[in-house]
Structures are given as structure tokens and as C-alpha cells.
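Line by line, the protein sequences are chains A and B.
The first sequence begins at 0 in numbering that gives the first Met the number 0 and counts up by one.
The second sequence begins at 0 in numbering that gives the first Met the number 0 and counts up by one.
Simulated from the structure, these hints should not be mistaken for laboratory data.
Note that the structure is predicted; figures quoted are calculated from it, not measured.
Possibly wrong hints are sitting among the right ones.
If several chains are the same, the list does not tell them apart, and a pair holds so long as it fits within one copy or across any two.
Said to hold, decoys possible - Listed next, the in silico DSBU-like pairs over lysine-lysine satisfying Cα-Cα at most 30 Å (straight line):
#  : residue 1 : residue 2
1  : Lys-28    : Lys-564
2  : Lys-391   : Lys-604
3  : Lys-391   : Lys-209
4  : Lys-391   : Lys-173
5  : Lys-114   : Lys-578
6  : Lys-79    : Lys-604
7  : Lys-586   : Lys-28
8  : Lys-173   : Lys-114
9  : Lys-295   : Lys-173
10 : Lys-600   : Lys-391
11 : Lys-39    : Lys-173
Here is how the chains run, residue by residue.
Number of protein chains: 2
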Amino acid sequence: MSPLFLELFAPVVALCGLLYSLVFWNAVKSADGGTPAMQKVAKAISTGARAFIKRQYRTITILSIVVGVGMFLIYGITAKDGNGWNHGLQVSIAFLLGCLLSGLSGIVSMVVATKANLKTAASSKHGLNAALQMSLRGGTVSAIVITALSLLGISGLYLFYRFGMGMEAVNIPKLIVGYGFGASFVALFAQLGGGIYTKAADVGADLVGKIEAGIPEDDPRNPAVVADLVGDNVGDCAGRGADLFESISAENIGAMILGVALVPYFGIKGILFPLVLRSIGLVAAIIGVYTVKAKKGDSAMKAMTRGFWVTAVLTTIALYFCSHYMLTVSSNAVVTGGTRLENIFPEMTQNGFSSPTTSLWFFLAGLVGILTAVAFVYITDYYTGKQFRPVKAIAQASTTGHATNIISGTAIGMESTALSVITVCAALFLSYWFGSQTGLPTGGLYGTAVATMGMLAVVGYVLAMDMFGPITDNAGGIVEMSKAPEDMRLVTDELDATGNTTKALTKGYAVGSAALAAFLLFSAYMEEAHVTSVDLSNVHVFVGAFLGAMVVFFFTSLTIRAVGKAAGVIVEEVRRQFKAKSIMDGKDEPDYAACVDIATKSALKEMILPGIVAVAAPIAIGLLLGKEAVAGLLMVGTIVGVLMACYLNNAGGAWDNAKKYIESGAFGGKRSPAHQAAVTGDTVGDPFKDTAGPSLHVLIKLFSTLTLALATLFM
Amino acid sequence: MSPLFLELFAPVVALCGLLYSLVFWNAVKSADGGTPAMQKVAKAISTGARAFIKRQYRTITILSIVVGVGMFLIYGITAKDGNGWNHGLQVSIAFLLGCLLSGLSGIVSMVVATKANLKTAASSKHGLNAALQMSLRGGTVSAIVITALSLLGISGLYLFYRFGMGMEAVNIPKLIVGYGFGASFVALFAQLGGGIYTKAADVGADLVGKIEAGIPEDDPRNPAVVADLVGDNVGDCAGRGADLFESISAENIGAMILGVALVPYFGIKGILFPLVLRSIGLVAAIIGVYTVKAKKGDSAMKAMTRGFWVTAVLTTIALYFCSHYMLTVSSNAVVTGGTRLENIFPEMTQNGFSSPTTSLWFFLAGLVGILTAVAFVYITDYYTGKQFRPVKAIAQASTTGHATNIISGTAIGMESTALSVITVCAALFLSYWFGSQTGLPTGGLYGTAVATMGMLAVVGYVLAMDMFGPITDNAGGIVEMSKAPEDMRLVTDELDATGNTTKALTKGYAVGSAALAAFLLFSAYMEEAHVTSVDLSNVHVFVGAFLGAMVVFFFTSLTIRAVGKAAGVIVEEVRRQFKAKSIMDGKDEPDYAACVDIATKSALKEMILPGIVAVAAPIAIGLLLGKEAVAGLLMVGTIVGVLMACYLNNAGGAWDNAKKYIESGAFGGKRSPAHQAAVTGDTVGDPFKDTAGPSLHVLIKLFSTLTLALATLFM
């Protein structure tokens with residue numbers, strides 16, 4: 000295959016993917032639009048979501064421009080050589096492109112979800128399979144758009160520098176590090192704002208609705224109910240969309256940087272490998288979606304899992320062939336532009352490399368990554384599934400009261416970190432070992448990079464499963480609020496339960512991939528900043544590491560507190576409406592829009608402080624203590640961030656399902672004292688799993704992409 | 000001063016201190032023994048505590064002998080040179096001596112506390128000052144014994160090797176590393192067993208007593224009430240006694256090892272400095288205790304704080320003179336045995352050192368340590384005191400229910416890590432910088448060691464304040480259960496509240512000193528294991544670090560769960576007694592001993608698993624991944640352990656005081672919905688602050704002392 004073919008492969012596949020997403024989009028758009036009552040609810044949700052996104056992205060746009068211009072100026076002013084302004088321009092443009100596409104991913108996810116929720120609600124009258132297909136197709140549109148945009152952005156920049164500016168391929172990866180930072184920067188605020196909004200609305204609606212007024216969830220008399228439904232779209236859809244967009248981008252860029260070191264052996268194939276594998280993964284995900292069908296007697300979850308396995312197997316096959324064709328050592332490897340390798344790297348030696356073995360070792364490393372993805376799905380399922388010990392233990396502990404429910408959930412959440420971390424460590428170790436067996440100088444490191452690519456190769460399907468969650472959640476709300484028939488509710492209830500599971504799985508997968516990708520991103524930073532060792536016995540590094548770990552705790556505290564504060568404002572508004580109008584007896588209609596507006600304002604206010612802490616901490620430590628201290632912050636901050644996110648996600652998920660387990664009749668069922676205690680746990684778990692945990696995923700990545708983009712500043 | 004004078008200084012002062020403690024002990028023993036009703040309660044507590052300690056130390060003795068013999072065999076078998084058996088014997092004997100004295104410290108603390116509680120209860124009829132003096136004198140006995148035993152053990156070993164075996168002083172510190180491991184090993188099980196016992200009894204008594212039966216705390220009808228009072232002695236006294244014993248020991252040994260590197264400049268004074276400063280600190284603490292008097296209108300806390308400041312100022316003066324006489328560079332410094340320095344270190348150069356400046360720099364480093372101790376007292380006070388924002392915010396959040404109380408406390412606890420960590424980092428940085436200014440080759444490192452010594456120099460007084468807590472807590476229980484007059488209860492109530500504050504302060508101080516000492520202990524390990532760098536970008540080190548951080552989360556989970564399990568067993572027993580007998584109407588007397596027995600059994604059972612995890616994890620990683628990976632585990636495990644302990648301690652303390660704040664009348668006062676929510680938070684906080692948090696202090700130190708003692712195994 001010619002280098003040009005490989006250079007064009009990813010952007011062409013991504014473009015085709017984007018076009019193909021129109022097929023799914025069309026299927027969603029052209030479907031039955033439901034009853035007028037349903038449409039009215041959907042309209043309210045959609046209006047609220049758009050209003051939030053509009054204001055949120057206005058704020059984010061301003062912040063992005065400030066940071067982009069700031070970087071340009073700092074690079075220009077502080078540069079020691081004459082190239083500072085030029086370099087600053089490159090980083091800033093890449094940054095702003097990353098911001099733009101990350102934001103676009105979030106917006107598209109939200110728009111699709113607010114359309115697909117109505118269609119899913121409407122199609123639920125045709126039974127489970129129809130509704131499942133509709134919601135999964137909606138989720139797939141977003142999944143394709145996110146993956147394709149990420150690929151297009153990176154390969155677009157690559158092609159621009161390669162052919163527009165006529166640069167050497169090996170010099171390009173380090174020019175696009177700003178792109179990853181931009182993606183993370185927008186994802187941080189998208190996830191923070193959306194996460195705070197969704198849980199503030201949820202907690203606020205529950206506190207006054209369920210507890211004070213005694214009305215059920217999604218009751219149309221609750222003024223905060225629409226805000227709650229809007230929250231699913233802006234938090235779970237737009238937030239997680241941006242989150243996974245930056246995960247893919249960051250890991251692609253990091254792997255490309257590491258690929259540069261292997262150019263003597265693979266030519267530019269080592270640089271392009273991540274892009275090619277990812278684009279094939281996108282195709283595999285689309286095929287996987289087509290295999291999802293809920294046959295008679297099948298649960299929705301079983302059908303979804305089947306699709307996941309199809310995607311995983313297809314990806315494995317693709318991995319094998321990609322490794323074989325791209326990661327085989329060739330002494331005639333040609334750097335684009337026709338330069339013979341020997342001319343660029345005269346010191347290169349060929350002795351001792353057996354080509355087919357090399358690609359096989361890397362294939363094994365990639366396989367480790369795919370298996371890690373599978374392992375995380377099962378670990379999360381064990382810790383948050385109703386059929387296993389952890390959730391049952393929490394339900395049991397609820398019988399002795401609120402406090403024992405909380406103690407038990409805390410213990411389970413912290414316990415869950417053990418299996419997750421051991422899995423990641425084993426994956427790191429194995430893939431490093433496989434990589435080292437190639438005998439290539441940075442083979443071990445590239446092995447971990449290939450493992451990360453393997454793990455993230457199935458991201459398309461995982462994203463589709465994830466986006467499916469909020470769509471079905473909303474569909475359930477629409478069915479409930481429009482007082483649709485009972486059999487439709489049964490369908491959406493099953494989908495909603497499945498959606499809760501897939502959302503939990505995605506969180507496990509996201510944090511696992513963040514952990515695995517971390518090592519590769521550290522290495523990319525060290526490459527960029529010319530750091531040769533991160534020695535914890537150096538007092539600068541140790542202090543950086545200590546502060547990095549602390550920032551994770553502090554950031555978690557800020558996000559959790561933000562939910563509490565924003566929820567308090569909503570509680571007051573709901574109480575005010577209940578007092579001012581005759582809502583409870585059905586005479587007056589509640590003012591949904593007022594709640595949406597207040598939730599929007601307070602969420603946007605509360606997202607600023609944690610966001611600033613996340614961005615300012617690494618910069619401050621870098622400027623004060625130097626580039627090694629930043630590496631310490633980055634690495635130990637990541638370790639602690641992964642553990643904390645695991646704990647928060649799994650504790651939250653387990654509390655949620657312990658409540659559902661009791662509601663299904665165990666330990667006295669609904670309205671028993673055990674149920675009340677379980678509701679407390681579920682409420683505590685809400686900001687844990689839907690605000691703090693997901694925001695930590697982004698924080699981890701932001702540390703990496705920010706330090707990568709600003710590496711030269713700390714030198 | 001001759002070297003011999005300095006070598007004998009610490010053991011002689013320690014022996015004098017031990018003798019002097021008899022003065023305090025006599026004052027306690029000869030005091031009025033109270034009414035027969037009081038004596039009966041005190042007898043039941045004392046019998047229960049002794050029974051627990053007896054069985055606990057039987058288990059600990061077996062475990063210690065197994066580990067001691069195991070180390071001897073492993074050293075002997077695996078040694079590459081012929082010196083293995085000899086080395087094994089030295090390590091094992093030091094280990095067992097550390098175990099013995101650590102255990103003795105715990106037992107003495109418990110015996111003193113179970114005597115002083117009755118005397119304090121009896122003296123409360125003479126007013127606040129009398130009761131305060133009595134309880135503080137009781138606490139001082141334990142404080143002196145713990146500090147003096149630690150000093151005697153180390154200086155005893157030193158003198159044995161020096162004069163019994165005729166060794167060079169520079170070779171001795173590394174022979175006594177086993178002592179620190181022994182101290183930590185016993186402290187781990189003492190704190191785990193005691194911590195699980197105390198909170199299991201507390202939670203168990205509350206769940207059935209307060210919540211199900213509706214009787215007040217310390218009501219004599221509750222069968223678990225004596226177990227609850229016993230718990231204060233075995234958890235807070237015996238457990239924390241052993242905890243601080245090992246803190247002092249570990250830091251002394253670590254500093255002596257670092258002192259060896261400075262022998263060319265200070266002679267053996269650098270090695271003996273920690274012992275000399277610590278013994279003067281002991282004298283300062285005794286003087287401090289004598290200044291504590293509650294004058295009319297003074298609160299007990301104000302009187303205690305005055306004593307703390309007296310001790311701190313005296314210690315500062317002592318630090319100045321010790322630095323001046325011992326840390327001044329002298330070209331005639333003589334290594335014991337009369338060898339001229341130049342003969343041992345011919346490469347030594349004298350140029351550029353200004354003697355008086357050197358000692359001044361180290362004095363400043365030590366001052367940083369003393370100020371850090373003061374800062375931690377104030378930080379803890381801010382986060383757990385009723386008059387400040389954090390506790391008030393939790394109380395406010397309790398008005399919207401159980402869940403918001405938990406969310407708010409979690410956020411506050413995590414927030415509190417920020418100030419603590421910034422303080423430690425600033426102290427590390429400053430003391431390192433001061434030390435580097437001396438121009439000595441390892442001056443920076445020794446600067447952090449001197450800072451740690453400064454922080455721990457006031458340990459005697461802090462220990463006395465800490466031990467005061469459980470004594471007054473028990474005194475309150477005795478007064479309550481013996482139905483003593485109201486004015487006596489008022490006195491013990493004030494002392495009890497003060498005791499809660501001092502217990503919280505000690506925990507803050509303990510975790511702060513653990514954090515500060517960590518860097519010095521790492522360095523000692525690197526010295527011993529010949530590790531030159533702990534490079535996180537090495538995949539072995541990274542995996543070790545990741546697993547170390549995970550072990551902290553997993554260990555926390557195990558300790559929290561252990562409390563839940565043991566409490567469950569007690570709940571069942573109390574329910575059984577309420578059913579089987581007519582206790583509630585006062586006809587039958589509850590069977591206190593049965594509850595004590597069951598609590599003992601289940602606490603001892605539950606302490607084994609977390610204990611084994613703590614000891615096995617570093618050994619397994621060392622053997623599998625090597626000495627650098629252990630260093631990674633040690634450093635990052637310590638960082639995460641400090642953060643987690645800070646979080647757990649401060650969240651627990653804040654929840655506790657938020658409840659008390661509401662009980663004092665805020666937000667509806669006792670029995671309001673806010674109060675119920677606050678009780679939930681307090682119960683959740685119990686295992687956080689009294690089991691998991693303190694056990695984590697020990698875990699952090701255990702990581703250091705264990706790796707130090709087994710360093711040669713991992714090489």
C-alpha cells in the first residue's frame with residue numbers, strides 16, 4: 000500500500016461514515032412522531048436542552064477564545080528562538096479546531112437525542128424490538144458523528160501540514176497536540192455544566208417532589224420534571240459525547256507521537272496506524288449495530304451484548320490485518336516524499352528483526368486492549384448488577400437504616416477499585432512485555448499504545464450503547480408524562496433499565512481506557528518536554544505528585560458541592576411554584592420553563608470554579624516547580640483520578656441498583672424502611688456517578704493534553 | 000560534649016521520665032475512688048478491656064513470632080553472602096523488641112485509662128479544674144511511657160551494638176530497622192482490632208438502643224453500653240498508643256540512617272540528634288502539662304491550648320540549642336573509637352562551610368516542623384469546629400434530609416485535604432531549601448528530617464491531650480450509668496466535648512506528621528535498598544505505584560466493612576437479650592459481659608484480613624516487580640493514604656460536630672428531622688474517623704518500616 004493511500008484512508012472512511020450516519024438519521028427522522036401529547040412534552044424538552052446548550056456554549060466559546068489567544072501570546076512572548084509566534088499560532092489553531100469539533104460533537108449528540116427520544120416513545124407501541132432499534136439507531140448517529148469528527152479533525156490537520164505546508168510526516172504529530180487540549184478543554188466544561196445540571200435537576204425534583212409532596216417520579220405536576228429530562232440530554236448526551244470525543248483524540252495524538260520514534264522501522268505506517276485502525280473500528284461498530292435484534296424472549300440487554308461481541312470480533316480481525324500490513328519491519332520503508340529511510344536515520348540498524356514476528360507481537364498487545372475492554376464491561380456489571388453480591392449486600396444493609404446503607408455502598412465502591420486496577424496493571428504489563436519482545440528500541444512503549452488503540456477500537460459501539468441510555472430514559476419520561484397506555488410504559492421501562500446498565504458499562508469502559516491510555520500519554524509528554532525521568536525521590540517531583548493527588552480530591556469536592564448548591568436553588572423555585580399556584584390539584588400548570596432557566600443559570604455558574612481549578616493547577620505547578628514536577632502531577636493525579644472515578648461510578652451505580660432491587664420486592668419492597676434508606680443511597684450516588692465521576696475522566700485526560708500542549712512552556 | 004555523654008543522654012532522660020511518670024500515676028491511684036455504683040461500672044469496663052487486650056495480644060503475639068521467625072529464615076536462606084543468618088537474627092531480634100515495646104505501650108495506656116476514668120468521674124464533684132487535672136495526669140502517664148519506651152528501645156539497641164558488640168556507630172542505624180517494622184506491625188493489629196471493636200460496639204449499641212428501643216446514649220439498660228465504653232479504651236487508648244509509638248520509632252530510625260551520611264561533618268552527633276531532641280521534647284511536655292489549669296471562666300480547651308503553646312515554645316528553644324551544639328560542622332569531629340574523620344573519609348573537604356550558619360539553617364528547618372504541627376491543629380479545628388463554615392454547612396444541609404447531609408460531609412471532607420496537603424508540601428519544600436543552604440551534600444534531605452523531628456518533638460504533649468479524650472469519655476459514661484448528680488454530669492460533659500476536640504486534633508497531627516515523615520522514610524529506604532531513582536515512567540514503578548494507591552482504597556473498604564460486619568453481630572445479641580429478658584422495664588439486668596465477649600470475638604476475627612492485605616501487598620510487589628516498584632508503591636501509597644486519612648478523619652469529625660451543633664439548638668434542635676439526618680452522618684462518620692482513618696496512619700508507616708526492614712530481600 001502506498002503511503003498516500005494510508006494517509007487518505009482515515010479521512011475518506013470518516014467522511015463515508017458521516018454520510019452513512021444520514022441513513023440512520025433519516026430512519027429516525029422519518030419515523031412516526033407520536034401523539035400530540037407526546038410531541039408537546041418532547042418539544043418542551045428539546046426547547047430546554049437547546050436553551051441550555053446555547054448558553055453553555057456561549058460561555059465555553061468565550062473561555063476557549065481566551066485560552067487560545069492566551070496560548071498564542073505566551074508562546075510568542077516567552078519563546079527563546081524566533082519561532083515562538085509561529086509555534087504559538089500552530090498550537091492555538093489546532094486548539095480552537097479541537098474546541099470547535101468537540102463542541103460540535105456535543106451539540107449533534109444533543110440534537111439527535113432530543114429527536115430520537117420522541118420517536119422511541121412513539122415506536123414503543125410496536126413492541127420492544129421496534130423501540131430498541133429506534134433508540135439504538137439514534138445513539139448510533141451520535142456515535143458515528145463523534146468518532147468521525149475526531150478522525151477528520153486529526154487527519155485534516157495532518158493533510159493540511161503535509162500537503163498544504165509541505166512538511167515531513169515525522170514533524171506533524173507534535174504540531175497537533177493543541178487539538179487534544181482543545182477537545183479536553185471543551186469536554187471539561189461540557190461535562191461539568193451538563194453533569195451539574197442533570198443531577199441538580201434530578202436531586203431538586205426528587206427532594207421536593209418525591210419526599211415533600213409525595214408524587215411519583217416524572218409526574219407532570221412537578222415543575223422540575225422537564226428540567227430533569229433535559230438534564231439527561233445535556234449531561235449524559237452532550238457531556239459524555241464531548242468526553243469520549245476527547246478520549247479518542249488524545250489517544251490518537253499520543254500514539255502518533257510515539258509512532259514517530261518507530262519511523263526507522265515502519266516508515267510513516269507507525270504514525271498512521273492509530274487512524275487506520277480507528278476508522279476500521281468505526282465500520283465494525285456500524286455492522287455491530289445491524290446485528291442487534293431483540294427476538295422473541297430476548298431481553299434488550301442480551302441483544303445489545305450480542306452486537307458488542309460482533310464488534311469486538313470484527314475489530315480483532317481488523318487488528319490482525321492492520322498489524323500485519325502496517326507494523327512489519329521493512330528495510331525499504333519509505334518516508335513520504337520518497338526519501339530513503341537510511342538518509343534520515345543513518346544510525347539505523349536492521350539486524351535481528353524478524354518482520355512477521357514483530358507484527359504478531361503488536362497484534363497480541365492490541366488483543367490485550369480489546370480483552371481489557373471486555374473485562375471492564377464484566378467488572379462493572381458485577382459491581383452494579385442486581386444479581387451479584389455487591390448490590391445485594393447494600394440492599395441488605397439498607398434494612399438497618401440510612402447510615403448502614405451509606406457505609407456499605409462506600410465500602411463496595413472502594414472495593415471495586417481493586418479488580419479494575421489489577422486489570423489495567425496486568426494489561427499495561429502484558430502489552431509492554433509483548434511490545435518489548437519485538438526488540439525495537441521503544442517497542443514496549445508502542446506495545447502499550449497498540450493496547451490502548453485496541454481498547455478504544457470498539458469505542459464506536461460503546462458510544463452507541465451509551466447514547467442509547469438517555470434516549471430511552473427520555474422516551475420513558477415522555478410516555479409517562481403524556482399518559483400513554485400501560486403496555487408502552489412496560490416497553491420503555493425495560494429499555495430504561497437496559498439504558499442504566501449500558502450507561503454504567505460505558506463509565507467503566509471510559510475510566511478503564513483513560514487508565515490504560517495514561518501511560519502512553521505520559522510518555523508522549525516526556526517526549527515533548529524532553530523529560531528523561533520522573534523521579535519521585537526528587538523533592539520537586541514528589542511535591543508535584545502530592546499536589547496532583549490532592550487536586551483530584553479537591554476537584555471532586557467542588558463538583559459534588561456544585562450539585563448541592565444548584566439543587567438548592569431548584570428546590571426553592573419548586574417550593575415557590577407549589578405555594579404560588581394550585582398545581583397539586585391540577586388547576587394550574589407548572590412553569591417548566593422557569594425551572595429549566597434557573598437550572599441552566601446555576602449549573603453554568605457552578606461549573607466555572609472546578610473548571611478553573613482543573614486548568615490552573617497543572618499550569619501553576621509547571622511554572623513554579625518545572626517540567627518534572629508537572630510530570631509527577633500528571634502521573635499521580637491520573638492514578639488517583641482513576642481510583643476516585645472508579646469508586647464514585649461504582650458506588651453510585653450500586654446504590655442505584657440496590658434501590659431498584661428493593662423496589663422489585665426484596666427486603667420489604669417499595670415504601671418499606673429499607674426502601675427509604677436505599678433512596679438516600681441513590682440520591683448520594685447521583686452526583687457521585689453522574690457529575691463527579693465523569694468529570695474526573697475528563698480531568699485525567701485534560702491533565703495529559705494540557706501538559707502535552709504546553710510542554711515547551713514548562714521547559 | 001563528649002560522644003559518650005550524647006550516647007547516654009537519651010536513655011538516661013527516658014529512664015528518668017519513666018520514673019517521673021510514677022509521680023503522675025501515684026496522683027491518679029491515690030485519688031478518691033468514687034461511690035460504689037461508680038466503682039461497679041468502672042470494674043465492668045476494666046474487666047472487659049483487659050479481657051479484650053489479653054485475647055488481642057495473644058493473637059498479635061502469635062502473628063509477631065511467625066513473622067519474626069519467617070524473616071530470620073528468609074534472610075538466612077536467600078542470602079548470597081555468608082552473613083545471611085547473622086543479618087536475619089539482627090533484624091528479627093530488633094523486630095521482636097519493637098513488637099514487645101509497642102505492645103507494652105498499648106497495654107499501659109489501656110491500664111492507666113481504665114483507672115483514670117473512675118478517678119476523673121469521682122473528682123468531677125470538686126469541679127472542672129479538679130477533673131481536668133485528674134484526666135490530663137492520667138493521659139500524661141501514658142504519654143510519657145510511650146515516648147520513653149520508644150527512646151529506650153532504640154537507644155538500648157544502639158548501646159548494645161555499640162558497647163556490647165563493639166561496633167562502629169555508623170553501622171548501627173541500619174541494624175535497628177527491624178525495630179520500626181515490629182512497632183508498626185503490632186500497631187497495625189492493635190489499631191485495627193481496637194478500631195473495629197470500638198466502632199462496632201458504638202454503632203451496634205446505637206442502632207438497637209437509640210433507634211429501635213428509643214433509649215438515650217449510655218443508658219444502663221442497653222446491653223452493649225459497657226462494650227461501647229470498653230471500646231474507647233481499646234480503640235482510642237491502646238490503638239492510638241501503639242500508633243504513635245511506631246510513628247516516633249520509625250521517624251527516629253529514618254533520621255538516624257540519614258544522619259550517617261553527615262558523619263563527615265557532624266561526627267556521630269548527626270546520628271544522635273533525633274534521640275537527644277526527642278528526650279528534651281519529653282521534658283518540655285511534662286512542663287507543659289503542669290501549666291494546664293482551668294481558672295474561673297476558662298474553658299477546658301483554653302487551658303489545654305495554653306499547655307500546648309508552652310510545650311511548643313520550650314521545644315523551639317531546645318531545638319535552637321540542640322542544633323547549635325550538635326549540627327555545627329567541625330573539622331575535628333571525632334567518630335567514636337577515636338578515629339579521626341579524615342582517616343575514614345579522606346575525600347572529605349571543608350571548604351565553603353560556615354559552621355554557625357549550618358546549625359542556623361537546620362534550626363529553621365526544625366522550626367518549620369514545629370509550625371507545621373501548629374498549623375495542623377488549626378486546620379483540623381477549622382474543619383471540625385462548630386463555630387466555622389464547614390460544620391455549619393453540613394448542619395444546614397441536614398435540613399433537606401439524610402442524603403444532602405452525606406453529600407455535604409463528603410464534599411467537606413474532600414475539600415479539607417487541600418489545606419493539609421498544601422501545608423505539608425510547603426513544609427517539605429521550605430525545610431529542604433533551608434537544608435540545602437548549608438551546602439552539605441545531603442543537606443536538603445537532612446533538612447526535611449530535622450523538620451520532621453521538630454514536628455514530632457511536641458508529640459509528648461499531643462499524646463497526653465489525646466489520651467485525655469477516652470478517659471473523659473469513659474468518666475462521662477461512669478457518671479451517667481451510676482446516676483450521679485446533675486452538676487457532675489455538666490463537668491464531665493464539658494470535658495467530654497473537649498476530649499472530642501483533642502482527639503480530632505491528634506488525628507490531624509498524626510496524619511500530618513506521617514506525611515512529613517514520609518519523605519525522610521522513603522529516602523532511608525532508597526539508602527538501604529540502593530535505589531537511586533524512582534522513575535514513574537518505568538513501567539514497573541508505575542504499576543507498583545498504581546497498585547499501592549489501589550491498596551489504600553481496598554484497605555479502607557475492608558476496614559469499613561469490618562465494622563459493619565462486627566456491628567451486625569452485636570445488634571443481633573442486643574436484640575436477643577431484649578427479647579429473652581425484661582430489661583426495658585428494669586426487672587432484669589442486661590448481660591454486659593456477653594456483649595463484650597461477642598464484640599471481642601468478632602473484632603479479632605475481622606482485623607485479620609485487612610492486616611494481612613497491608614503486610615502482604617508490599618512484600619508481593621517487591622518479590623514480583625523488584626525494589627523500584629516497591630518504592631513506587633511506598634511513595635504513591637503514602638500520598639493516597641494521607642489524602643484518604645485526611646478525608647475520612649475530617650469528614651467524620653465534621654459530621655460528629657454537625658450533629659452536636661444541631662443538638663445545641665440550631666436548625667430545630669434535638670429530635671427534629673435535621674437532627675435525624677445529622678445522626679445518620681455521625682454514624683457514617685464513626686468508622687471513617689475512628690477505624691479506617693487511624694488504621695491508614697499505621698498503614699502508611701507500616702509501608703515504610705516494612706520496606707526498610709526487608710529492603711535487602713527486594714534487591
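For each hint, the structure was consulted:
{"no.": "1", "hint": "Lys-28 / Lys-564", "result": "neither (38 Å within a copy, 54 Å between copies)"}
{"no.": "2", "hint": "Lys-391 / Lys-604", "result": "between (38 Å within a copy, 23 Å between copies)"}
{"no.": "3", "hint": "Lys-391 / Lys-209", "result": "both (24 Å within a copy, 26 Å between copies)"}
{"no.": "4", "hint": "Lys-391 / Lys-173", "result": "neither (50 Å within a copy, 50 Å between copies)"}
{"no.": "5", "hint": "Lys-114 / Lys-578", "result": "neither (34 Å within a copy, 60 Å between copies)"}
{"no.": "6", "hint": "Lys-79 / Lys-604", "result": "neither (39 Å within a copy, 65 Å between copies)"}
{"no.": "7", "hint": "Lys-586 / Lys-28", "result": "neither (35 Å within a copy, 77 Å between copies)"}
{"no.": "8", "hint": "Lys-173 / Lys-114", "result": "neither (39 Å within a copy, 71 Å between copies)"}
{"no.": "9", "hint": "Lys-295 / Lys-173", "result": "neither (53 Å within a copy, 72 Å between copies)"}
{"no.": "10", "hint": "Lys-600 / Lys-391", "result": "between (39 Å within a copy, 26 Å between copies)"}
{"no.": "11", "hint": "Lys-39 / Lys-173", "result": "neither (50 Å within a copy, 78 Å between copies)"}
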